Amino acid sequence: MSAGTRIAMFVLSCAAFTALYIAALCGLSPIGQVHGWAAQYGDAINRMSVPALHITDAVTAVNFEFRGFDTLGEEFIMAVSVLGAALLLRKHPDQGSGPPQDKAAGRKISRPGDAVRVLTVGLVGPVTLFGIYIVVHGQLTPGGGFQGGVILASAPLLIYLAGEFGSLQQVAPRWLVEVGEAVGAGGYAVIGAVSLAVGLPFLANYLPPGRVGDLFSGGIVALIDVTVGLEVAGGLLLLLLVFLEEALTRRP
Amino acid sequence: MTHLPYCLAAWLFAVGMYGIVTSRNMVHLIICLTVVQSSTYALLLAIGFRANAVAPIFADIKPGTPAVDPVVQALMLTDIVVEVTVTALLLGLAVLAHQQTGKLDPRELGVLRG
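Residue numbers (our numbering), protein chains in the order written: chain A, 591 to 842; chain B, 1409 to 1522.
Treat the hints as calculated values from the structure; they're not laboratory data.
Remember, it's a predicted structure, so these values are computed and weren't measured experimentally.
Do not take every clue at face value.
Unchecked claim - Simulated restraints on C-beta separations: (1) B:Gly-1510 to A:Ala-794: 24 to 32 Å; (2) A:Leu-719 to B:Ile-1488: 20 to 28 Å; (3) A:Ala-598 to B:Gly-1472: 54 to 62 Å; (4) B:Met-1484 to A:Leu-713: 48 to 56 Å; (5) B:Val-1443 to A:Gly-686: 33 to 41 Å; (6) A:Pro-620 to B:Thr-1448: 38 to 46 Å; (7) B:Trp-1419 to A:Pro-702: 35 to 43 Å.
Claimed, not checked - Facing chain A, a subset of chain B residues (Cβ under 8 Å, in silico): (8) Tyr-1414; (9) Trp-1419; (10) Leu-1420; (11) Gly-1424; (12) Met-1425; (13) Ala-1467; (14) Pro-1471; (15) Asp-1477; (16) Thr-1493; (17) Ala-1496; (18) Val-1503; (19) Ala-1505; (20) His-1506; (21) Gly-1510; (22) Pro-1514; (23) Gly-1518.
All C-beta atoms in this analysis are idealised placements derived from N, C-alpha and C, irrespective of residue type, glycine included.
Working from the sequences, and respecting the hints, build out all of it.
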């Protein structure tokens, strides 16, 4: 199919989609005015989150308590995507490897400037601490495993920016990152399996809810935050390592 | 003005789809896919909004104050992180395609071989 035919088909289907979308928009209430049965689920969760579970962050309550099984599925989607990217970029038997070197001909990797090194090395500690804070306070304030895991994954990236690929490999060796990611991904499923062993449905809460505002409140949500943070940080770091290995160390 | 966020979602979707259809570089195509995904986030958040309501965090306000819908926000935040890894998977595919054929134009990549 030629490019012209493809664009013509796109314009036709876009016009049809626009017509249907505008027809659907006319039946929607104005923004912010949802009432009645469409708003009941969200309002019920907002009402129940603190009295029933002692979790003050309703979004984390939805993620890890009310819809915990869906989040387990999404976490495994993420683990499988990381696995797929690592598999695609693996070393073939007929490829060699060598020390890190830019693939562009005749270009050597330049050392980072002093300002970059001071800033990045100075930020590694605060960023790691901030990431741990966001992960652990998921049930109290906006945060949780997913957001904190992304922040934690950027700390070794700062070390790579300050130095070279060898320093990243020393701080976050591949076997350690893989083990961390696997422990995080499997830990979530194990926490749910312990629910089964205790006699409750899968991923039902079996730890005491604790006091509202305490760090360890909400039962198993506090544990799930930590495992998901470990998995997200490990997954993103593994992606970084795999892409950088492929770009810098492969020789034909 | 009352339906503006829904129109924003439709506009982002249309622009992203146009970019995907007329793209001549695999990396550009993958970034256009990210734009299309952003349109779904805008639509979800627009659906969950309640007028004169606060964020659904009850750490410092009384439980029972009208708050926006937390379910769509929860959907969205896991989705963003998963989108990053799926984009990485697609970029790995683009790298492999360039290694095998030397071309990044999706119109020339054609039939899969081998």
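Going down the list of hints, with the structure as the test:
In this structure the supplied range 24 to 32 Å is violated for B:Gly-1510 paired with A:Ala-794, their Cβ-Cβ distance being about 54 Å. Between A:Leu-719 and B:Ile-1488 the Cβ separation comes to about 23 Å, which falls inside the hinted range of 20 to 28 Å. Look at A:Ala-598 against B:Gly-1472: about 55 Å separates their beta carbons, and that is inside 54 to 62 Å. Distance hint for B:Met-1484 and A:Leu-713: a CB-CB separation of about 28 Å, inconsistent with the stated range 48 to 56 Å.
The given range of 33 to 41 Å is respected by B:Val-1443 and A:Gly-686, whose C-beta atoms sit roughly 38 Å from each other. With their beta carbons about 21 Å apart, A:Pro-620 and B:Thr-1448 fall outside the hinted range of 38 to 46 Å. One distance hint, 35 to 43 Å for the beta-carbon pair B:Trp-1419 and A:Pro-702, holds here, with the actual separation near 40 Å. For B:Tyr-1414, the suggested interface contact is upheld, since its CB lies about 5 Å from the closest CB of chain A, less than 8 Å.
For B:Trp-1419, the suggested interface contact is broken, since its CB lies about 10 Å from the closest CB of chain A, more than 8 Å. The criterion of a C-beta within 8 Å of any C-beta in chain A is not met by B:Leu-1420, whose closest approach is roughly 12 Å, and the hint is violated. For B:Gly-1424, the suggested interface contact is broken, since its CB lies about 11 Å from the closest CB of chain A, more than 8 Å. For B:Met-1425, the interface hint holds, since its Cβ comes within 8 Å of a Cβ in chain A; the closest pair sits about 7 Å apart.
For the restraint placing B:Ala-1467 at the interface with chain A, the shortest Cβ-Cβ distance is roughly 4 Å, inside the 8 Å limit, so the hint holds. Checking B:Pro-1471 against chain A: minimum C-beta separation of about 4 Å stays under 8 Å; hint holds. Evaluation of the B:Asp-1477 hint against chain A yields a held restraint, the C-beta minimum of about 3 Å falling below 8 Å. Nearest Cβ of chain A to the Cβ of B:Thr-1493: about 4 Å, under the 8 Å cut. The hint holds.
Using the Cβ-Cβ criterion of 8 Å, the hint placing B:Ala-1496 at the interface with chain A is satisfied: the shortest such distance is roughly 5 Å. Taken as an interface hint, B:Val-1503 checks out: its beta carbon lies about 7 Å from the nearest beta carbon of chain A, inside 8 Å. This hint is violated: B:Ala-1505 has a C-beta 10 Å from the nearest C-beta of chain A, more than the 8 Å allowed. Look at B:His-1506: its Cβ only gets to about 11 Å from chain A, farther than 8 Å, so that hint breaks.
The interface hint given for B:Gly-1510 is violated, since its Cβ lies 13 Å from the closest Cβ of chain A, which is over the 8 Å cut-off. Interface restraint check for B:Pro-1514: the shortest CB-CB distance to chain A comes to about 10 Å, outside 8 Å, so the restraint is violated. Taking 8 Å as the C-beta cut-off, the interface hint given for B:Gly-1518 is violated, the closest approach to chain A being about 11 Å.
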